[in-house]
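As they're listed, the protein sequences go chains A and B.
Throughout, my numbering is defined as the position within the first sequence, counted from one, plus 293.
Throughout, my numbering is defined as the position within the second sequence, counted from one, plus 293.
A portion of the hints provided could be inaccurate.
Since the list gives no way to pick out one identical chain from another, each pair is judged satisfied if it fits inside one copy or across any two copies.
[Unchecked claim] Simulated pairs of lysine-lysine, DSS-like, Cα-Cα distance not exceeding 27 angstroms:
1) K485 x K430
2) K409 x K393
3) K423 x K409
4) K423 x K480
5) K485 x K393
6) K410 x K393
7) K480 x K316
I should point out that these hints are in silico values taken from the structure, not numbers from a laboratory.
One-letter residues, chain by chain:
There are 2 protein chains.
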Amino acid sequence: MAKLYHFPLSPFCRKLRLVLAEKRIEVELSEERYWEQDPDFMRRNPAGKVPVLKLDGMTMSESTAIVEYLEEAYPEPALLPRGAPARFEARRIAAWFDDKFHHEVTSKLLYERVHKKVMGQGYPDSKNIKAGAQRIKYHLDYMAWLLDQRRWLAGDQMSIADFAAAAHLSALDYISDVDWNRHEVVKDWYAKIKSRPAFRSILADQVPGFPPPPHYADLDF
Amino acid sequence: MAKLYHFPLSPFCRKLRLVLAEKRIEVELSEERYWEQDPDFMRRNPAGKVPVLKLDGMTMSESTAIVEYLEEAYPEPALLPRGAPARFEARRIAAWFDDKFHHEVTSKLLYERVHKKVMGQGYPDSKNIKAGAQRIKYHLDYMAWLLDQRRWLAGDQMSIADFAAAAHLSALDYISDVDWNRHEVVKDWYAKIKSRPAFRSILADQVPGFPPPPHYADLDF
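Construct all of the structure, not just a fragment, from the sequences and the given hints.
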């Protein structure tokens with residue numbers, strides 16, 4: 294069976310878990326304290342980070358490259374639309390979340406509040422938390438602007454853009470850092486994606502020392 | 294004609310310039326002082342960074358998504374190999390350079406030495422420069438390990454992996470931060486890619502206040 298080395302709140306691991314589940318590829322999850330740089334883990338993955346996916350005889354790293362592989366090797370259901378311009382838009386928005394949103398929001402909130410404690414790297418930096426909490430508003434506004442024109446983030450079809458975005462937002466929702474009341478259209482989008490069977494494993498995540506808030510797993514949040 | 298908003302030493306812009314030139318897509322270059330967040334530029338690209346490519350009626354950002362678009366819309370010559378596993382490997386290595394190498398080396402050397410001065414953000418941090426200079430050795434060793442087994446970084450065919458790597462290394466070579474004598478096989482690889490017509494515009498780059506060393510544009514370096 295396929296095996297995914299992951300860390301529960303990592304948005305890049307969550308994106309892969311969602312894509313694997315949508316494509317009905319069964320995978321055994323193995324939690325990896327990757328920051329301890331265990332020699333066995335480093336042998337599997339010289340980049341020293343999660344996710345690492347063992348599948349089809351390969352040991353794969355780099356979540357975006359893995360998603361492209363899954364889309365090519367397991368084409369059903371398609372998570373990229375048809376036509377080069379539409380595919381570009383889905384990839385652009387996925388990259389927006391994995392790069393810009395990650396840099397401006399996820400790393401400022403999640404990594405300060407949770408990772409620092411779990412990894413024993415000291416206390417959260419309140420300047421970073423303030424910056425992340427400020428910046429997420431801009432991103433939620435951008436999502437609302439997109440969703441006013443489209444059913445899903447990249448168009449009328451659900452795509453990797455939605456899974457990348459939901460991976461980051463669900464990890465931040467675990468620590469109550471998403472204001473779902475800011476835009477009804479964003480809340481509606483999250484309710485739709487949250488209710489998919491692929492989301493179940495993510496809603497069941499538990500990080501010791503950080504219990505999720507009651508609304509986290511509630512489909513009627 | 295297509296138009297690329299870029300900054301000369303940006304590795305992400307260089308990767309696109311190489312891919313566009315290999316595919317013989319003519320493009321007008323427009324230098325963009327993106328850190329000044331000019332309102333016109335921000336309208337073209339809400340992510341506020343380079344590269345931004347105007348092509349086929351679209352205004353595109355996110356270099357990896359753009360490369361995938363070019364590969365789909367302009368398939369000749371192919372810069373991804375055939376077969377999902379080989380394509381994964383090319384994408385994985387491209388991501389290695391754009392993510393890990395960028396974080397550990399490019400941002401520590403190029404951004405400290407050049408960008409800080411150009412952007413008026415003060416003096417280089419010698420701790421970062423030391424860390425980047427140390428870390429690039431590991432990456433050159435990894436490249437040598439790959440190139441001992443393969444003609445190009447991701448296999449026997451030149452691919453986006455080579456252009457991503459060459460984009461970062463050429464930008465660092467502009468400030469003499471690459472020790473080409475560390476591995477003959479890496480030097481041979483760079484000599485091969487440097488002599489391609491697609492590389493000419495990159496070898497002609499000039500950043501005011503930072504003249505390149507004589508070996509930078511020399512094909513027999």
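A quick look at each hint next to the structure:
{"no.": "1", "hint": "K485 x K430", "result": "within (21 angstroms within a copy, 47 angstroms between copies)"}
{"no.": "2", "hint": "K409 x K393", "result": "both (21 angstroms within a copy, 20 angstroms between copies)"}
{"no.": "3", "hint": "K423 x K409", "result": "both (16 angstroms within a copy, 25 angstroms between copies)"}
{"no.": "4", "hint": "K423 x K480", "result": "within (23 angstroms within a copy, 46 angstroms between copies)"}
{"no.": "5", "hint": "K485 x K393", "result": "within (24 angstroms within a copy, 34 angstroms between copies)"}
{"no.": "6", "hint": "K410 x K393", "result": "both (24 angstroms within a copy, 24 angstroms between copies)"}
{"no.": "7", "hint": "K480 x K316", "result": "within (25 angstroms within a copy, 42 angstroms between copies)"}
Checked against the numbered hints given earlier, this structure breaks none of them.
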